[in-house]
Every structure is written in structure tokens, then in C-alpha cells.
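Protein sequences appear in the order of chains H and G. This note's numbering numbers the first residue of the first sequence as 1 and each following residue consecutively. This note's numbering numbers the first residue of the second sequence as 1 and each following residue consecutively.
Calculated from the structure, these hints are not laboratory results. There may be inaccurate statements among the hints.
Distance condition first, Cα-Cα at most 20 Å in a straight line; then the derived EDC-like pairs of lysine to aspartate or glutamate [as the list claims (entries may be wrong)]:
#1 G:Lys74 to H:Glu359
#2 H:Lys146 to H:Glu133
#3 G:Lys83 to H:Asp68
#4 H:Lys146 to G:Glu31
#5 G:Lys244 to G:Glu130
#6 G:Lys157 to G:Glu130
#7 G:Lys26 to H:Asp377
#8 H:Lys343 to H:Glu359
#9 G:Lys34 to H:Glu145
#10 G:Lys83 to H:Glu145
Stretch-level coverage of chain H by chain G, calculated; a stretch enters the list once three of its residues show a Cβ under 8 Å from a Cβ in chain G [what the hints assert, rightly or not]:
#11 59 to 66
#12 412 to 426
Chain H side only, calculated, beta carbon under 8 Å to chain G, not exhaustive [unchecked claim]:
#13 Ser118
#14 Glu159
#15 Phe320
#16 His324
#17 Gln393
#18 Val404
Even for Gly, the Cβ is constructed at its ideal location relative to N, Cα and C.
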Amino acid sequence: MDNEMRALSTIAQDIAQVARGMGLDFYPVNFEIVPAEALYTFGAYGMPVRFTHWSFGKAFYRMKTQYDLNLSRIYELVINTNPAYAFLLEGNRLIQNKLVIGHVYAHVDFFKNNRYFSRTPKDMIERMASHAEKIHEYELRYGREKVERTLDAVLAIQEHVDYRSHIGIHCKPVNEAKVNQPVKLGEGHTCLSDSCSGNSCSSNSCVGNSSIKGQSCVKPQMKNRKKRASIPYEDLWRDLLEDDHELALQPEYEDLLLYIMMFAPGLEDWQRDIVSIVREESLYFYPQIETKIINEGWATFWHARIMHELDLTEAESFDFAIMHSQVVQPSRMGLNPYYLGAKIWEYLAKVKPLDDLFELRETENDLSFIRNHLNRDLVEELNLFNFRKVGAQWQVSEIEWEKVRDNLVQQLVNGGHPSIVVLEGDYEGKGGLYLKHRHEGVDLDIVYLEKTLTLVQFLWGKSVSFETIVDTKKVIFECYNGLISRRQPS
Amino acid sequence: MADDIIVSRDDWSLHRKGYLDQTRHKEKVEEVIKQQMGDLIVDESIILTDGKKNTKIPMRSLEEFRFRYDFNKKNHTGQGTKKMVPGEIMGREQVKGKGAAGSGAGEEPGIDIYEAEVTYEDLAKILFEELKLPNLDDKKRPLIAHDRPEFNDVRKKGLMANVDKKRTLLESIKRQAFSQKQNKEARVRISPEDLRFKTWETRPNFETNAVILAMMDTSGSMGQFEKYISRSFFFWMVRFLRLKYENVEIRFLAHHTEAKEVTEEEFFTRGESGGTRCSSVYQYALDLIDREYPPVHYNVYPVHFTDGDNIGSDNTRAMSLMKRLVEVSQVVGYGEILRTHYSSTLMSTLKRITDPKLRLVTIRDRNEVYAALKTVFS
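Just chain H, same shape as in the assembly (with noise of 0.2 Å):
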């Protein structure tokens, strides 16, 4: 161990200590000093290690020009495993990995408190090698480009998963655990995943971990299974009719990738796995899509405090201070969730006791986080505002504080993704998948809704139709071999 290494490791314990101290309660960490390209491939990839996709390769190079350019520049990246994983630029001065340690284990905190994340699985890091190892090996054993249009298809349509089922069954209804089991395949119910293994199976993808629990979970069955796929959807009414009462209950299905997965009439096994594979990884990732705000916030108001604790020299204050403004600088168009994050969490500080933060940080999520505690007096000193588009011209719309809280809970709603449901598996009569646009004031993007159809087609092996509203109409678009065409229902 070098130096260098030996007084960051110092460091960091220190830094660990003033925190704990502070009430900071976190996983451990291993910190790993990285250049510049790992970090960035890290930050592309989500993961030190994840399959191969050339959409990867494209973030990759993003930020590696912005980071050449001098645009941008991340300080540190962390993986929300138990341990906890911290990548550190390599060439961060020591002031700077001081901010980044405290940063780090102030979202590590987060990560192991917040009930959002209590369904990670903590070894996430193992699982997506093996994820990437057996996509490798489809490569090999179907050819590279089959299996990039599989995973181009099933990417687009990653965020359409159900993530609250898997937020934790103490935080559901009863009853909405059969419900979020529509179909049943067998007996008890079907895993897909290779990771199965039996009665005490935690894989994310394991179809009935998320609603019940305590039972055996069975390799699917492969000959019932290819039964299944020559007639398609003979078990999927027989099931729904026997359920008639709880397809009342909820007749739209959330969880689109699952749908596929289970019954796509066209998809092999592999592919199967594939779609497996990415809604296990797409559940991993959600909580840090739906937490960015009040997470980045959290660390950032937290490393804040820690640095004050710290003995720090003149010089390191100064270095600190800019540093930190940096972090925090207002985007003007958008928002800079680490300003939003940390200014509401600074103004919490200011009328609560410290318990009640770090109650919120357990029980609230970005859009409980807004729509909770973002008020009149942060909307003026923060000068927020909606804005929209009229001719050509960007413009101001509203400066109301209740008009932008209530506009920036509605972005946060799903992520930001549009809520696409699943209506019907056997579409009249004909196999074809039947999907639903919750729509909730806001039209699609035609042009990236036809294009991802044909994917969705692709995967179904079908016709799809999807019916949104465009305009105010009802609108059914419908793909079938690749071929759009539209109608609108009288």
C-alpha cells in the first residue's frame, strides 16, 4: 500500500467516524481508486461489470467526451451493494476525496435505510457478472446480432415493470398479492431465472418471490411449458377464467416485461432469460431513479456537515468551498437534483429535529419528497417555474408554487416514464398483445412510440396494439411484421 492509500484509508476511517457519530448508519464500503476511463465505463454501465450492449458504448463515450472536453466531471461513483462499492477518480485531491467519502457514506446510508431500496439484492454486483457471463454465451451459442435485437426489443421497454411489487409486502394490501399475480403457470409458481434454486430463492426475476412467500419455488417445466407455447394463451384463459374475481379486481397487468416473459408465443428460452435478466437489473436500478433527488440531496447536505466537523486547513476550506458551489449550481434548464435535494433538506434542518430527517430519509421517495415538503418559501428562494412550449418559442408558463410542485410530482409520477399496461394476451381471439397508455394529460412521442412497437412486436411474436390518446382522441396504433398502422375507435 502506498501513501498515498494509506492516508486516504486513514482518512476514510475517519471520516466513517465522524459520521456514525453524527448518526449516519451505513453498509461497509470499499473504496477503490479508479482512472478516469474505469469510472466512466462504471458510470455508463451502472455496474463495474455488465453485459455488453452497444447503447453502453454510447453513454460511454458521452461522458468520456464531456469528461475530455472538460464539461463534466464525476467525482465518485457508488454501488449499492452490502458491502458497498466507492469508485474514486483517480487524480481527486485529497480535499476532494474528503467531500466525496463524506458524500459517500451519507448515500450509503440512504441506500441501506431507505425502505425503497430494502428489496435490492445486496450482492448485485455478482449477479450482474453472471448476467453478463450468460449473455455472453448466448452470443456464442445464437450469434451476436440475435441477440442484440433481442436485447435492443426488451431495453426499450425496461422501465415497464412492476416496481412496487417489489418495494416489500408489508408495505401492500393483502389481497393485492394474488391480484399481482395474474396468471399462474403450474403449480405454485414458475421461476425463470437460472438462479433458481428452490424453496429458498430470492432471485428478483423469480416470478413469485414478489407476492408470495414461502413457497417451493420449481424450475419451470419445460415440457408444459413448450405445450404452453404451441397453443397459446389455452392456459392463460383457462387461468383468468378461474380467476375470474380477481381479473375484475385488476384487469390491467403493470408489469409488461413479466407479460412477455411468461407469454410471448414466439420467444426461446434464452430470450426468455434475457427478458429475465434485464427486468431483474431494470427493479435494481429503479429505486435510484425514483430517490435521485432526496439521495443526491441527502449526501450532499450531509457531506456539508461532515467537512464542518473536520479540522480543515484554510486552503482546504477555500478548495471545499468552491467544490461544493460546484455540486450545488442551478441548471436552468431542468433542475440540478443535487441544489433541489440539498436545499430541502437544509430547510428541514432548519424546522426539525435531526430524528425526523432521518425518518423521512427511510420512509420517503422523490416524489413524496416534493410533494411533502416542497413549499411556497423554496419555490421563491430557489426561483422555480414551469415552462412549455408556445410556437416556437420556449416559455414561462407559471410561477405559482403550488402550480410547480404539483408539475414536478407529476414528472416524478413513474419515474417519468409513461404507465403502459397490459390489457389483453389474446387479442381478438388472434394471440395478439392488447396494451393500454394510462394516459394522465400528456401525449407520447409518436415517432419513438412506433418505432418502440416494432420492437415490442418483435418480442411478442404477434400483432400488438396500443391505444393512447393523441390530441385528445383516442388513438389505436397497431403493429403487426414490423408495420405500423393507426385507427381511431368511433
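Model the placement of chain G on the given structure of chain H, informed by the hints.
Coordinates of chain G only, in the frame set by chain H:
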């Protein structure tokens, strides 16, 4: 608590994953470029650069499609450095170049616009992969093909001037190494049997001779569009020929009612006016071929671009001259640029020539230049 914290450093220099996937992204962008070649090669920014090597063509990188909201129909929340007033204008939608599919996501944060770049050279490389001089005849070469010496052999006998010093030394060392008695002095001695000589073979220098006669209508009826299209065509043609073929000549002929030879620069920049008599340029071309490029020795490729607006009385003459041109050429390209659905009388006249060496194309839209290039040069 001490054991909670591990600080480490690994060797990441072999971590190439990001680059590998980046390469795949680039490959996919190239596929898209191939699909969009028609649009790209008539891009003004390229034609106007005159092919400077480092020109970068902005490309929209591959999009990752998903169900998403229409950015332009959404109400957004932003943050000001001061108190904002409702109705205040924050910015205009940026007008992006063509090719930006759908909504111009001008100011959308985090959306990737134009981040993959292709250089002019990349584009040329992809384009020229598909083009060639058709019917190229290798036998056509100057009667006196000059011989070119090629040093490609080593022999034990030869002229002292051609001693291959390196090999000679090597032989000497080899010999002494094998010899039984060790030479204590360890000096390199060169004996006559060590000598090696370079020697050459004479080979006839095969060079295929080809000439392109670029003929362009510069009459008054040629509008901005027509000129632009024909120049785009010739622009790529010239670059393609110079890059791929060493020994090809290009002669530039401009015509209205009369034809004349112009310099390359004039050809690409100057406009003229007046009526059109296509036969004039065909006659000029035939004379030129006759004088300087006898078909026995030359591969001749006349390519003519016009709006087809020919003086009616000239058509018969034009056709008979064209027939002769076709006879003496490897391939003749005739391109007509017109935006109506009718074809010109000249075109319908020329259609009577059934020789496959005559390649007729009609360009109605800018993206058809690519197809025209492929029709003529394939």
C-alpha cells in the same frame, strides 16, 4: 471499525469494455450512414467544403427507442437565477439541420443530438466501396508500355554495383559460424562465395488508361436545383475516381447551344445562360475522343447531366451522335434532372438506344444522386 474500510487500487488498463461497445455503436452508426447515404452525400456542408479532409459531418447517433412523453407538449419545471415572470421567453427552438427525425429536441437536457461524427473520409470510403468503373478493359494501354524494373530476386552472380551488402555480410557470418576452425580474430572476412547480388526482372507496366468526359448543361434553363444536383453528382464522381484509380483523366465540358472545355474550377462554379443544344457537346466529345483518346487504347466514359430541356429540332442529331458515343465508350451516363413526372423528349428519344452501355437516369429528388452514381458506376 477499522476493518470496515478498504481502500484499494487495481490495474484497469485492460478494461476495454467501454471501447468495445463504443466500437459496436460506431459500426451501427455506419450501417445507418449506409442507409442514409442518399441524403448525406447531397448535404451542402459537404459539397461546399470541396472535400477538405477533416470535415466532420454531424450525425445523429443511434437512438434508443422507448415509450416517452412528447417533450414539446409537456410542461417543464426549471430554475432561474432570478425571479421569472410568466410569459417570459426563455429561448427559441433551435433549427437543426435536416435529418433530425420528428421533433427538434433543441434544448432538451440529456437528449443526445448529433453526437456521433463521421468524417468526410469515412463517408467517401463507405460510398466508394460500392462504386467502380464498369467494363474497364485492361488490355487498353499505350502501345509503348514502359518497362519497370523490379528488384525481386537475389543471385550469386551479378554486377558489382548491385551487391546486396546485408545479405553478403549475413552469408559471411553464417559461413564462419559453420566453419570448423574458430577464427580467433573474430573478424568478418568476405570471401567471393559470400557475395550476393540483387537482381531485377523487367515487367511491363500495366496501367489501364481511362478518361472521363464530364459534360454539364449550363444553359439558362438549369435552375439552382438542377445545377446543385449535377454538381453533387460530379463532385463525388471526381473524388471517387481520383481516390480509386491512379491513371484516370477527367475532362470537363460545359455546353449550352455550344460546347467548350472548361477548367475543373469553372465547371463547378460558373453558370451560363442561353438555350440548349445537347448535340453540341456530344460532337465535342466525339472529336476529343477521336483526337486524343483512341478507343483502342482508352477506356472512355462520357457522362452527361442536363435538365433535358433540349431544342426539339436537335433531338435526332443528338441521338445519332449519342449512338456513336456509345459505340466508342465503355459506358455512357446520361442523367436528367427534372422535377415533373414527365420525361423529356430527349430522354424518350435516347431510350430508343437499347445498348446496355447507355445508362439513363432521372433524378427528381436530391437523395436520388446516390442511386444515380450507383447506376452509372457499377
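Results of checking the hints against the structure:
1. G:Lys74 to H:Glu359: violated (34 Å)
2. H:Lys146 to H:Glu133: holds (16 Å)
3. G:Lys83 to H:Asp68: violated (35 Å)
4. H:Lys146 to G:Glu31: Distance ~16 Å between Lys146 (chain H) and Glu31 (chain G) Cα, so the pair holds.
5. G:Lys244 to G:Glu130: holds (11 Å)
6. G:Lys157 to G:Glu130: With a Cα-Cα distance of about 49 Å, the restraint between Lys157 (chain G) and Glu130 (chain G) is violated, given a limit of 20 Å.
7. G:Lys26 to H:Asp377: Outside the cut-off at roughly 48 Å; violated.
8. H:Lys343 to H:Glu359: Holds. Lys343 (chain H) to Glu359 (chain H) sits at ~18 Å (cutoff 20 Å).
9. G:Lys34 to H:Glu145: holds (18 Å)
10. G:Lys83 to H:Glu145: violated (53 Å)
11. 59 to 66: This one holds; 5 residues, not fewer than the three required, reach chain G with a Cβ under 8 Å.
12. 412 to 426: Check passed, 3 qualifying residues.
13. Ser118: Given a least distance of 22 Å, the restraint on Ser118 (chain H) is violated.
14. Glu159: OK, holds: Glu159 (chain H) within 8 Å of chain G, min 7 Å.
15. Phe320: Violated: closest Cβ of chain G sits about 20 Å from Phe320 (chain H), beyond 8 Å.
16. His324: Violated, because the Cβ-Cβ distance from His324 (chain H) to chain G comes to roughly 18 Å (cut-off 8 Å).
17. Gln393: holds (5 Å)
18. Val404: Check passed: Cβ of Val404 (chain H) comes within 6 Å of chain G, closer than 8 Å.
Comparing the model with each numbered hint stated earlier shows that hints 1, 3, 6, 7, 10, 13, 15, 16 do not hold.
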